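Residue-level listing of the chains:
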Amino acid sequence: MHIADATLAVIILWTFIFVYAVAASIDFGAGFWSMLYMNRGKLGASEMANRYLSPSWEVTNVFIVLIVVSLYSFFPGANDILGSTLLLPGSVILLLLAFRSAFLVFSHSAVEKYRRVLTVISGMSGVMIPALLILVLPVTHGTFIHAVNGVKLLDFSTLFMSLSFYAFTGFAITNTLYLSSLLLADYARVAGDQEAYRVYRKSAIGLGPFTLLMAVMIVVALQNDADWLFLRLQGNFFWLLLAVFAFLLGYLALFYSKKGKAKPGVPRASVVLTIVQYLLAGYAYGKAHYPYIVYPYVTVAQGFTDPNTFRALSISYLIGLMLLLPGFIFFWKMFMADHRYIRADKDSVDDRGNK
Amino acid sequence: MSHTLIARSFFGTTMGFHIIFATLGVGIPLMILAAELLYQRTGDRDYSVMARRWTKGFAVLLGIGIPTGTIAGVQLMLLWPGFMTFVGKVISLPFQIELYAFFIEALFMSIYVYAYDRLRPWQRIASVSLVTLGAMASAVLITNVHTFEDTPAGFKLVDGRIMDVHPWQAFMNPSFVDQAVHVAVSAFMTGAFFIATIAAYKMLKQRDYIRIYTFHRKALMLSLAVGGIFSVLTALNGHETAQGVAQWNPEKLAAAEGLFETRTHAPLAIGGYVSEKDQDVKYALKIPGMLSFLAGNRFDARVKGLNDFPRDEWPPLFIHVLFNGMVGIGFLLLALSVIGFIWNKILRRPAFPKIMMWGFVASGPLAILGIEFGWIFACTGRQPWVIYRVMRTEEAVTGAGHLAGLFTLFLAVYIVLLIAALLVLYFLFRRHPVANDLPPSSGKPESL
Ligand code: HDD
Ligand code: HEM
Ligand code: HEM
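Heads up: the protein sequence lines correspond to chains A and B, in order. Last residue of the first sequence: number 396 in the numbering used here, and the count goes up by one each step with no gaps. Last residue of the second sequence: number 456 in the numbering used here, and the count goes up by one each step with no gaps.
Careful, some of the hints might be misleading.
[To be verified] SDA-like cross-link-like pairs, simulated, lysine to any residue; straight-line CA separation at most 20 Å:
id, chain 1, residue 1, chain 2, residue 2
1, A, 193, B, 402
2, A, 374, B, 130
3, A, 154, B, 402
Keep in mind the hints are simulated off the structure, nothing from the lab. Quick caveat, the model's predicted, so the values are computed rather than measured.
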């Protein structure tokens, strides 16, 4: 009974992480593209990224809080070790996040002269965040943790020298940029902006192979740095294979051309298949990682919260979900599916909704 | 500084910074809502312009409120893992529910701002109402964790192990309702006075240009009305809150009032500072019997003094100053809005004298100062406990080092963000002066 609850909790947590991984990749990626194409004079593409980003960054940000809160609510037993090992990297992430969000908002309100520098700061800090966030995974593999006077700390020098460090950060950056360019290509197609579509499709085509390469690097790094995980991952080989398959299909969909369409590619299919690939690979990784939260120090069962608290939390999730669902649907309709917004009908709104 | 003291200062600074934006994040949406409603009722376009301009400013504040809140949430786990382990087992419910409030606020804020022109009037009003509701709920829910720290409930400790947990009993801990109301009404009051500050300042600067002057005067009157109502509620409910402190955390009240010996007919000390050596509040104005009356509704109520408690469980004595500061600001702002009301509605004078105008200009910063005093009083007055009589602050702190360096870094970043936000606001409103937004003439003739 106890174990079943803990497993349920870890599934919920993993679902949030999955949703955030997708939403944050798109969010941080869009910030980066908006910066890059602004500086390269491709204003249509930059504008497209902003149009996605403006209403959604705040909602995306709530998910990171959701993950942290779920972690300490469901698995308080892991707080000690996560708190002390992640103090430094966590703080750096927080500072980057502060710059990123604040300057993103400021760049919308600032005078022209400063807009560029604010956008650059927020765009650059934005891509560094996923690279650091993903390091939580190698930390939980246990290899880089050592104890000083009974306090578990992160061994930074070993971490920086490891293949894991480069594989994971590289993986995070390529994925962020790849997935976001796919989504923005789709967004541009909905908007009917051919120029922006061309730009984002080209970025995606260029990034795809690197994304796959970094995934392979991760597997190699695991073999090096986290033997236990590598062995368990072999047991889930089938799921990994499926993931690669989904990825390749998604990549190929960029080249598929329907008769009568001027520009090749089915970006919607690419987005969906790439997200399916996240799901499959995430499932394989999570299953191999289970039951450890931090190997070998804390397992899911050891870290688990009080069962009564878990029950109350679960009920609150159900009620919360029911209350929020209409809000999310309305939000989706207003910004992701309303052509008036995405196309920015000139007589209705400008990019900040001002008349 | 000791490790724990650095961690305390570090976290306190983060909170002290977040709270400025968070409180305005609760208060300003209410003002936007009020302006939208007035626009619908009167048809006066000025109110619509107000709502839109306040929303623009508010969006900038959100740019700091949200990341600093995220910092606060994560720092709780990074700096106080011992505390959060306890929280995770017993009082994680409000943190979880707060997230729904955040989602509501974030979703409808974006809808209100970026879909404004595609919304029907009732949808606009519904959106701002949900933003206000979401912000207020997040304040109330985070306060819930804080009241649990003051009055822990809903669990048993057996040989140091947490047993028999009842999350809803923990949630409904004895000091919750009073303090949650206090936080909400004081935030509404602060949002209103913040607007009053800007409006009054603009009126002083724009005396000659009557169209703009009347625009700001409408904003001032609206904010004084809202601020006045909520200052009355804050003071009334502050009294309830203080009685709760007398009942549940008597040493906090004793330190706040510098009462050393337990007694009946205890006096209320206003001003001065608490001296342990002299066992007295020096240079204070004392109102005989008043503290007994405030704490127990009768002059012969018994109030516990500090000497009844072990010395190592006394809160720091300087909290007397913070408590006085908060209550003083409360009554000052209350008086300001009551006099303003009498002047305008009863004496029917069209303009306020200059000294009152400067009082209005000061009201916003004073309200924020009141919030800072109140919170630092509440958190510092709980020392040495992080959970009252259950866990000491030293037991909660992280084992990892490097805190001083990180603290300095964060402090620098907060200062940079604050300056950047002020500059952005300044340029934003300078580039879009209100004259550009105003319709040629306001719809209705002026009524004072
Ligand atoms: C504009 C801000 C403001 C104003 C004018 C007041 N307060 Fe307040 N007060 C707060 C803002 C605040 C706060 C920041 O919101 C606190 C901090 C913790 C809390 O629950 O609310 C608080 C705490 C707080 C506490 C401590 C609760 C605790 O530590 O457990 C007491 C006893 C009072 N207040 C009482 C009063 C009284 C008698 C006031 C008379 C007018 C008053 N407050 C005005
Ligand atoms: C928002 C306004 C707040 C401010 C300005 C504030 C201020 C402070 C300060 C100054 C300290 C250091 C206390 C000392 O060492 O003397 C502190 C500690 C602390 N506060 Fe608050 N606080 C606020 C709200 C909250 C809330 C809502 C919570 C509940 C989650 C909270 C929980 C804590 C904890 C856990 C500590 C550290 C342990 C301790 O010193 O007791 N604070 N806060
Ligand atoms: C009583 C004091 C507090 C009040 C009134 C308050 C209120 C708010 C409000 C209204 C927001 C929305 C953003 C904004 O409008 O600026 C916010 C954001 C946030 N607050 Fe606070 N807060 C308080 C204390 C805390 C504490 C102690 C924590 C951490 C434990 C915290 C965590 C957060 C987080 C994580 C966010 C960002 C949410 C998002 O991503 O949208 N807050 N707070």
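Against the structure, the hints come out as follows:
Note on residue 193/A and residue 402/B: the hinted pairing holds, with a Cα-Cα distance of about 18 Å set against a maximum of 20 Å. A C-alpha spacing of about 18 Å is found between residue 374/A and residue 130/B, which places the hinted pair at or below 20 Å, so the restraint holds. Taking the CA atoms of residue 154/A and residue 402/B, the gap is about 49 Å. The hint is violated against a cut of 20 Å.
Of the numbered hints listed earlier, the single one contradicted by the structure is hint 3.
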